[in-house]
Amino acid sequence: MAPTTTATTAHPPRTIVLVGHGMVGQRFLEALAEHRVTDSARVVVFCEEPRPAYDRMHLTSYFSGTTPDGLSVTPAGFMAEHGIELHVGDPAAAVDRAARTVTSAAGRTVAYDVLVLATGSYPFVPPVPGKDARGCFVYRTIEDVLAIEAYAQGATAGVVVGGGLLGLEAAGALKGLGLRTHIVEFAPRLMPVQVDEGGGAALRRTIGDLGLDVHTGVAGKEIRTDAAGAVAGMELSDGSAVAADLVVFSAGVRPRDGLAREAGLDVGERGGIAVDERCRTSDPAVYAIGECAQAADGRVYGLVAPGYEMAETAAAAIAAGPAPAPPAAPAAVAKTFTGADTSTKLKLLGVGVASFGDALGAADGCLDVVYSDSRAGLYKKLVVDRDGTLLGGVLVGDTDAYGVLRPLTGSVPPVPPEQLVLPPGAGAPAALGPAALPDDAVVCNCHNVTKAAVRGAVADHDCTTVREVEKCTRAGSGCGSCEKVLTALVNDELAARGVAVDTGLCRCFAHTRTELYEIVRVKRISSYVRLLDEHGREEARSGDGCEVCKPAVASILASLAPVIGADGYVLDGEQGALQDTNDHFLANLQRNGSYSVVPRVPGGEITPEKLIVLGEVARDFGLYTKITGGQRVDLFGARVDQLPAIWARLVDAGFESGHAYGKALRTVKSCVGSTWCRYGVQDSVRMAIDLELRYRGLRSPHKLKAAVSGCSRECAEAQSKDFGIIATAAGWNLYVCGNGGATPRHADLLAQDLADDELIRLVDRFLMFYIRTADRLERTSVWLERLEGGLGHLRDVVVGDSLGIAAELEEQMAAHVAHYRDEWAATLADPERLARFVSFVNAPGVPDPSVRFVPERDQVKPDLTLLSGPAIPVRGTLEGAPA
Amino acid sequence: MTTTAYAPARTVLRVEIRTAAGWHPVCDLGVLTPGRGVAALLPDGTQAAVFLGRTGDAYAIGNRDPFTGAYVLSRGLVGSAPSPQGSRPFVASPLLKQRFDLATGRCLDDDEVAVPAYQVRIAEVAA
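One line per chain: the protein sequences are A and B, in this order.
Under the working numbering, think of the first position of the first sequence as 286, with each following residue one higher.
Under the working numbering, think of the first position of the second sequence as 13, with each following residue one higher.
These aren't lab readings, by the way, just hints derived from the structure by calculation.
All of these numbers come straight from a predicted model, not from anything done at the bench.
Errors might be hidden in some of the hints.
Pairs of lysine-lysine, BS3-like flavour, derived with a Cα cap of 27 angstroms [claimed, not checked]: (1) A:LYS756 with A:LYS769; (2) A:LYS988 with B:LYS109; (3) A:LYS988 with A:LYS895; (4) A:LYS1146 with B:LYS109; (5) A:LYS460 with A:LYS416; (6) A:LYS756 with A:LYS620.
From just these sequences and the hints, can you work out the full model?
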């Protein structure tokens, strides 16, 4: 839907300015990109916070180890890909609607055709005396969280003002910091907006059991301070007082509509920029979305799902064309936002809480069905009307049923309501599965995905995993609360379609490569035959295996050789029979049966003497030479019986195997770096050589490519590599999981400004974690896409050691480094190993007559006429061979 | 039998392929690695690919990969595919990975294609 309205064709490209880059702002930009508006329009974004949009809903997960970057919801490279200008740390300061300009705090003035306000909300701080004392905080941004964490050092107790969603989140954070934590809530129960009295009571008991002090039905009266003006405690409205070193205000939010007010836009009576069902404000050139807006139904929504829907609505309206001509607009196709479901499900302090639909039973004549077990901390209430239609409900303690109940809201459930709240085993029938949901039930509330859409992703788009369905439909990529239902639906649908979900490596093994890796590692199995006979599929045991699992297992055995006590040399004994022909002959098979030879040139640095040797060897053996993309020289056209003589010359000149034939580290490419380049800030060549020599010979699920750039100009193209390093003034930035080739992917920044040893430690861990967990022939880029938790998880494991395996990964790499030997030198030194390098077993001196060459551009190329040969006998069996 | 009972004749196991001219010796059995192949030159100039299965059975088929024309089948990987008659050994071409039944030469991935298959025996002969 490009803006093709005739009125605009003669005009220069439109400029769209977005003020605010939170979750909703980012969703708006993505929707603009989906509508291809970003192809033609200039898009400028002002963001007050010092970082791009992140997941505010999971702020508390910072305290369980998620890094600020791990919370990001802005895909790497998104802004660059769509040509969006993002100014972080530079909020919009003024809007001049007459001139149609926005001016930022830093003094940037941008003229707009369309302005979108997504300024979000600010925390409401009740007017308690002392609220500005040192030690008072709000809980809204990553910066707030960092400030609380810093201040909590040395503090012993804290007060959270507000017992709603955010308040309980903040209380969980304080508790996690080791503080005695008080929760002060003015209403008579916790989470007054979402749960009823019974649910609030269950919640209060469970939270009290966790060691938090809950004060309900009271307000903060005054904050006490010490002589230095820092928080010392709080007096409450009931006359009691609590001692505390810090206070966190979490008593709700208010829409940030100040900018809009100053610009003269209409705002609601209780705040919020008034918008219509297309999210347009009183000025048709200005839109407002998310928590700063008062929707057409007069409500201000503080949840992310309605915000996303408003973002999509505004983007669709903007994509439809700049001319606001409501009478002509076909109402049927226009997306509108007239209100939203405010259902929520979350875990607060480890306690599951969910509410959906008419949770508080506000409808006339509605009835309750309640199950309550104070001992187990369970409270479940369903609200139904007289004919049995489910209107809403509250779940505390056990929210498993939420995924099914919420979509059933508004319909008559297929089983009586009491059976929906009874716990399993209490006489209730088997839990109501997602199969009971109607097709139009919304499974993912964040992205408004129906059950029918999920089924369609499997049926029509051939998705076979939850991950693929998530990519196809966006379901599950928001708050994640529908994950369980989604998984069940996808599996049901796959089963219904007769798709057996077999994750096995091949017909010989029902295990994945990762599982086989673990089996080999833990049981120290160093023989393929033993692995097949003990862990293969029943029907494959005592067989010959196959061409899929043999090289995969050979790679696992080679990767783990130092750990399981196997021989690291890949060609001896049984291991030799597992290798693809390339590994078998330590060279790369080409189309006419000849091989190519690629000696290692670490970092692409080579002496003139060595360069001359390469030329002489190629000339003497009649080889075709070509420079590779990895900064080395490929010599083509060697017969198998020539390989030892070629390598004897190369090894003699100081070359070693380049492993171009293996699923292994290929090259670490580099630019010339600070030694020569006037822009370079680090010695990228030295680092590239160090890395290449460290990881040479490392066998992995697929080939590994790397590069080191000496400055941000990135001449080595490090961001297209499995691991890429870019020099900074302070050290090195490490990028991972990039790819060139058919499906290019920009690498993601894993860590910044690393010292040499820090960099190497992280690369050690990263590579070994990849080798341990990737699938067969899965490049790092695909692996990361598949990895549960994505980049955040990878960073947690590699940088934060969240799995506690970092030391083990480092040890494994140290063993690899210690055990490395050049395969070609080892082969040349052993006559038995050399014996295989003949064209014919019964005529060792005879070269293969089918490998011949003809001239081309002063070099040679394969003579393919020799290969066309006689007609192939179809179904021919000679000499009565057994049929 | 006049040979001495105290010094049994030394013998080796030799792999032989049957050609139009009769059984043709290829190599000692000990030269072959289970799961791997070698190429052999036959008297008429054709090339055979000779393999040893895991249980010690020897097989021979034409060395030419009909899909590419290159003489490379001996460098493929041996595997076995389940069939009603039990598992049947195959070799996967190292170039484009099509599989060929080692006993019959039939391509398992394309009914229209086959390579020659040879009878093979392991003979005990004087060293």
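27 angstroms Cα cutoff - pair LYS460 (chain A), LYS416 (chain A): holds (21 angstroms)
Hinted pair LYS756 (chain A) and LYS620 (chain A), Cα distance within 27 angstroms: Within the cut-off at roughly 22 angstroms; holds.
Hinted pair LYS756 (chain A) and LYS769 (chain A), Cα distance within 27 angstroms: holds (16 angstroms)
Straight-line alpha-carbon gap LYS988 (chain A) to LYS109 (chain B), limit 27 angstroms: holds (19 angstroms)
Restraint check for LYS1146 (chain A) with LYS109 (chain B), where alpha carbons must lie at most 27 angstroms apart: The hint holds at about 23 angstroms.
27 angstroms Cα cutoff - pair LYS988 (chain A), LYS895 (chain A): holds (26 angstroms)
Of the numbered hints stated above, none is contradicted by the structure.
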